[in-house]
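Q: Sequence:
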Amino acid sequence: MVNWRAVLAGFVASIVIGLVSGLGLPFTDVSLPVIGAGLAGVLAGGVAGYLNNRSLVSDAFHGALATTLGAVVVTVILTVLGTLVTGFLGLGIGLAALAFIVFTAVPGIVGGAVGGLLHGGDEVETGRPAA
636 MVNWRAVLAG FVASIVIGLV SGLGLPFTDV SLPVIGAGLA GVLAGGVAGY LNNRSLVSDA
696 FHGALATTLG AVVVTVILTV LGTLVTGFLG LGIGLAALAF IVFTAVPGIV GGAVGGLLHG
756 GDEVETGRPA A
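In this note's numbering, each residue carries its 1-based index in the sequence shown increased by 635.
Read the hints as simulated data drawn from the structure, not as lab findings. We put the CB at the ideal spot given by N, CA and C, even for glycine. One or more of the hints may lead you astray.
Label-pair ranges, simulated between beta-carbon atoms [as the list claims (entries may be wrong)]:
1. Arg640 <-> Val711: 18 to 26 Å
2. Ile712 <-> Val741: 47 to 55 Å
3. Val715 <-> Ser690: 31 to 39 Å
4. Gly755 <-> Leu726: 20 to 28 Å
5. Leu752 <-> Val715: 33 to 41 Å
Using the sequences provided together with the hints, build the complete structure.
A: Okay, structure coming up:
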């Protein structure tokens, strides 16, 4: 079962980091040159995995899901902005960036697994008492 709270937190982290990072917006690479797509994926996946904290596979899945959803939103926003500024060149670059989204899942998987491990183990799920 998907923990949507963890996915939403990772999704928001992915969007914020993706738009603030040097690869996200033009001319911001001077202020934040070290944050790239990979590091943004690891951080956003780590947030989702940390909050999920069920198992290593589940944490990695939640990290990949949050990072990929965030990458889709960032790519769509930047494609629209790029098309408005540069016309068809921005549209072409944006469509090529959609192919890159497949590769953003890998840092999200790693980040989700690491985030789950940093949280300190498996969460014990409790059921309803039988009365």
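Q: For each hint, tell me whether it holds in the structure or not.
A: Verification of the supplied hints:
{"no.": "1", "hint": "Arg640 <-> Val711: 18 to 26 Å", "verdict": "holds (23 Å)"}
{"no.": "2", "hint": "Ile712 <-> Val741: 47 to 55 Å", "verdict": "violated (22 Å)"}
{"no.": "3", "hint": "Val715 <-> Ser690: 31 to 39 Å", "verdict": "holds (38 Å)"}
{"no.": "4", "hint": "Gly755 <-> Leu726: 20 to 28 Å", "verdict": "violated (46 Å)"}
{"no.": "5", "hint": "Leu752 <-> Val715: 33 to 41 Å", "verdict": "holds (37 Å)"}
Hint compliance for this structure: hints 2 and 4 are not met, and every other hint is.
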